[in-house]
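**Q** Below are the chains, spelled out letter by letter.
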Amino acid sequence: MRSLTHLERLEAESIHIMREVAAEATKPVMLYSVGKDSAVMLHLAKKAFYPSPPPFPLMHVDTTWKFQDMYALREKAAQDAGMELLVWQNPEAQERGINPFDHGPLHTDMWKTQGLKQALDHHGFDAAFGGARRDEEKSRAKERIFSFRTANHGWDPKKQRPELWNLYNAKKAKGESIRVFPLSNWTELDIWQYIMAENIEIVPLYFAAKRPTFEYEGGLFMADDLERLEKVMGHRPEITERSVRFRTLGCFPLTGAVESEASTLAEVVQEMLLTTTSERQGRVIDQDEGGAGMEKKKQEGYF
Amino acid sequence: MTSPTYETDALIAEDIDAYLDQHQNKSLLRFITCGSVDDGKSTLIGRLLYDSKMIFEDQLAALESDSKRVGTQGQEIDFALLVDGLAAEREQGITIDVAYRFFATEKRKFIVADTPGHEQYTRNMVTGASTADLAVILVDARKGVLVQTRRHSYLAHLLGIKHLVLAVNKMDLADYSQETFDQIVAEYSAFAEEIGIEEFTAIPISGFKGDNITAAPSENTPWYSGPSLIDHLETVEIANVAAQEKPFRMPVQWVNRPNLDFRGFSGLIGSGTVKPGDVVRVVPSGKTSSVKSIVTFDGELDEGVAGQSVTLTLEDEIDCSRGDVISAAENPPEASDQFEATIVWMDEEALKPGRGYWLKLASQMVTATIQEPKYEINVNTMQHLAAKTLELNSIGVAEIHTERPITFEPYTDSRALGGFILVDKITNATVGAGMLHFSLRRAQNVHWQATTITRDDHANLKNQKPRVLWFTGLSGSGKSTIANAVEQRLNLMNRHTFLLDGDNVRHGLNKDLGFTEADRIENIRRVGEVAKLMTDAGLIVLTAFISPFRAERDLVRSMTDECEFIEIFVDTPLEVAEQRDVKGLYKKARSGELKNFTGIDSPYEAPEQPEIRVNTVEMTVEEAADHIINAIMPLK
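Chains as they are written, first to last, in the working numbering: chain Y, 1 to 303; chain S, 1 to 636.
Same shape as in the complex, but just chain Y (with noise of 0.2 Å):
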């Protein structure tokens, strides 16, 4: 007789997720961030198929706006994985030239709701993970495991799929598909206790060091790649060299960085549980539409 602990019975459930969808989807795929969470998800595909690889492709909607560290990790990554990386790009925005600084929101639309409902139709996928928590965001906290979406890839919240017990209906009609949260009952600190546990190789702008940073709008940015700022933003920002690391990663300027010493697991572990302030709150994403951005969002097919 063996209690598991809380870690383990989370993987087990993860992995009877992973299984379900590759038993009953037709074409399903698995959308990788190159963020902290997706190493997570990435992980423990490997180890629900083992010794199989995991029988899907990767695939990473970009924006061409991702630090050059995630780049390099997401090649690496998908190749131990022995996975095949699809990469997808908006042909549209790249053409307009979309950017965080000119366009503000319609960055985010373009390149990751757009991008990715592009990338589905195109490659005809019927299920796509994603590594998205129910601990995130308030509106997530009600989200199934099993997702459904309508051919147009929209959300109702109201006619969702009632979930019982690891029971899950994947059974769609042509044209739809079901986005899957393998990590829906995993918290913020689970997500780090695993990492560290099973020892999985994260972006390391998740630990401190020193960066090239700059001030816009009142955060702290990372200036990544100093050229293309200049030539977007029009003018040279003033860098300072600043001990940061970043709580969450998504587009470079869009991601604030936090001043921190953290350089270890064991330490950014200890800054999370000490800080005070919630994880998506370096992202601007959830503060318009009076606190219902996140819903919004993902009604009209925001992953």
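Bear in mind the hints are in silico, worked out from the structure with no lab data behind them. No residue lacks a Cβ here, since even glycine has one placed at the ideal position from N, Cα and C. Treat the hints loosely; a few may be bogus.
So the derived label-pair ranges between C-beta atoms look like this [said to hold, decoys possible]:
no. : chain 1 : residue 1 : chain 2 : residue 2 : range
1   : Y       : Met272    : S       : Ile426    : 35 to 41 Å
2   : S       : Asp601    : Y       : Pro53     : 55 to 61 Å
3   : S       : Thr516    : Y       : Asp156    : 27 to 33 Å
4   : S       : Glu608    : Y       : Pro53     : 34 to 40 Å
5   : Y       : Thr64     : S       : Glu106    : 18 to 24 Å
6   : Y       : Arg2      : S       : Asp456    : 55 to 61 Å
7   : S       : Val147    : Y       : Ala197    : 44 to 50 Å
8   : S       : Glu14     : Y       : Pro212    : 32 to 38 Å
9   : S       : Lys107    : Y       : Thr64     : 27 to 33 Å
10  : Y       : His123    : S       : Leu594    : 48 to 54 Å
11  : S       : Ile426    : Y       : Asp156    : 29 to 35 Å
12  : S       : Glu608    : Y       : Met272    : 36 to 42 Å
These stretches of chain S come out as covered by chain Y in the derived footprint (C-beta under 8 Å, 3 or more residues) [unchecked claim]:
no. : segment
13  : 99 to 111
14  : 210 to 217
15  : 257 to 264
16  : 378 to 384
17  : 412 to 424
18  : 427 to 439
Computed cross-link-like contacts, DSS-like style, restricted to lysine-lysine with a CA-CA straight-line distance of at most 25 Å [unchecked claim]:
no. : chain 1 : residue 1 : chain 2 : residue 2
19  : Y       : Lys159    : S       : Lys425
20  : Y       : Lys47     : S       : Lys275
21  : S       : Lys511    : S       : Lys583
22  : Y       : Lys46     : S       : Lys275
23  : Y       : Lys46     : S       : Lys292
24  : Y       : Lys172    : S       : Lys209
25  : S       : Lys425    : Y       : Lys171
26  : Y       : Lys47     : S       : Lys209
27  : Y       : Lys47     : S       : Lys162
28  : Y       : Lys174    : S       : Lys275
29  : S       : Lys292    : Y       : Lys27
30  : S       : Lys209    : S       : Lys143
Assemble the complex: chain Y is given as a structure, and chain S must be docked to it using the hints.
**A** Only chain S this time, still in chain Y's reference frame:
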């Protein structure tokens, strides 16, 4: 407001490694909270999150401003706002769905399913309860045991939750009176016994003020000698551990075949434990072998236990695939195709007895039909009521028949092999959930009798390939006329045919059936069975029935051999059929004299991809018949 915190804070700052070690080995308890709209459920959960530091400053700042704007607690923080998620319900102030929340204490991590207490949302509570080990039933100390309290307790009990907590909340508004508390407990005890709840733990609390949440007794309730809510949640036994004492079962989810040398069976162990060398039986085939290894990414295991996801390899090459259950050889689960079950209906469209639904149980997916309920249960009074169907949020007991035997255990023994969901074959919605009680007969006692002359022999003698030509369309569309013309042509070609006509069958075989949806479904099912027997006899069967529901036509299709079922859509617009009105039925239906008439007050679901479509506006009867004959050639 008291502000208790857990002792870990100091440890985090001083010795993070020690803290992480401690946290690494926590167990996990899943529970649900249920209460009526104003029992303070969201407030209690907000309190638990707040006390365990799951609320951050930015969230708290937003909460403070929200509390002032739309809060119901005056200038104090309204924890409920933190918990109520979706925009629509924030405005109404009612939680309408199941939300999952997370917090941790020194000993355990918790996942809370926040389920609504609103009248019409039984479905959400059942959903939340299905994964919970424990239920916190909230009662407002000023109101006592309400109808809702009984309903929530009944549902928690129905879903097999062993640990119930009666949290008598808002004690601060009841002067922390022991008498009030004792009265409520006495009243609840009587009810609990009535419905078979063996034990429960009653705790007087105030979610708003924090009494007896983290520490007990609160100074306001010196008379209370039991545990605080958190103490109790931290020590109650987890179902997952109890499941290890039961016989080994692992439903196979996925067959792992990276190369010809490796064949593993992946699944989540539902109950029991397994070791290399253990003799196992694959159900339903009954084949036995022994476990060669328990393979995981982290190396082979010496033992696998309930709750783990593993991959097993076996010593022998035996058939085993998704849906099978690898079990303890000496104590395997049963297989059956007829059951009694409790069913919770979750869809706006009511249950249709006799219709085929997908039934998913563990990794098995089969077509199942549900008979007319034996009774419906009034969840407020627990009375049994007569019922013809089950509407949204109603619960009843009915017989279920599956098209092939499935491996199962009674729900009270195993959630993994006793709980199932029902999926509509057309909309793909999850329309119901259920819990199996027992098998109505051992399906293995009814065998197929093998006959020497096979269906091929019958067909060869007639020099033809058996077929079902299934004509569907509105009343007056021309089904019978065209089917008759087709049969004449086949007859001239020396083919052996039989025409089953809707009106004729209702004079005999189906004369006990009326025109309600349930009867229409049964009508088609019987015709399907007869058609199937006739194809077994080698005949080309023509059927002319309105057969308005897609699901029933698909059911008949699934009963017959592949390629033998040919759906012919006699496509006549309603206006045209009504204008023809050969039998004067449309007139009667329009005047209300005739009820449930297809196209008027009962729907017709046109085929999406019929094998053959004939348009009777553009084609004459002769042209339509020729078109069909051409389409089904060759006949042999």
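**Q** Do the beta carbons of Arg2 of chain Y and Asp456 of chain S sit within 55 to 61 Å of each other?
**A** Holds - the Cβ-Cβ distance for Arg2 of chain Y and Asp456 of chain S, about 56 Å, lies within 55 to 61 Å.
**Q** Mind taking a look at whether chain Y covers the segment 99 to 111 of chain S? Criterion is 3 or more residues with CB to CB distance under 8 Å.
**A** holds (count 8)
**Q** The hint says 27 to 33 Å between Lys107 of chain S and Thr64 of chain Y; measuring C-beta to C-beta, is that right?
**A** With a Cβ separation near 47 Å, Lys107 of chain S and Thr64 of chain Y fall outside 27 to 33 Å, so the hint is violated.
**Q** Assuming the hint says 18 to 24 Å, is it satisfied by the Cβ distance from Thr64 of chain Y to Glu106 of chain S or not?
**A** violated (46 Å)
**Q** Do the beta carbons of His123 of chain Y and Leu594 of chain S sit within 48 to 54 Å of each other?
**A** At roughly 52 Å between Cβ atoms, Leu594 of chain S and His123 of chain Y fall inside 48 to 54 Å, so the hint holds.
**Q** Given a hint of 32 to 38 Å, does the C-beta separation of Glu14 of chain S and Pro212 of chain Y actually sit inside it?
**A** Given about 34 Å between the Cβ atoms, the range holds.
**Q** Is it true that the CA of Lys47 of chain Y sits at most 25 Å from the CA of Lys162 of chain S?
**A** violated (33 Å)
**Q** Does the Cβ pair Asp601 of chain S, Pro53 of chain Y satisfy 55 to 61 Å?
**A** Once the Cβ atoms are compared, 56 Å apart, the range 55 to 61 Å for Pro53 of chain Y and Asp601 of chain S holds.
**Q** Hint check: Lys425 of chain S vs Lys171 of chain Y, CA-CA at most 25 Å. Holds or violated?
**A** Distance of about 9 Å is within 25 Å: holds.
**Q** Lys174 of chain Y and Lys275 of chain S were given as a pair; does the straight-line alpha-carbon distance stay at or below 25 Å?
**A** violated (43 Å)
**Q** For a C-alpha distance cap of 25 Å, please report whether Lys47 of chain Y and Lys275 of chain S respect it.
**A** holds (20 Å)
**Q** With respect to the beta-carbon atoms only, verify the hint that Glu608 of chain S and Pro53 of chain Y lie 34 to 40 Å apart.
**A** Because 37 Å falls inside the window, the suggested range holds.
In this structure, the hints that do not hold are numbers 1, 5, 9, 11, 12, 14, 16, 24, 26, 27, 28 and 29, in rising order.
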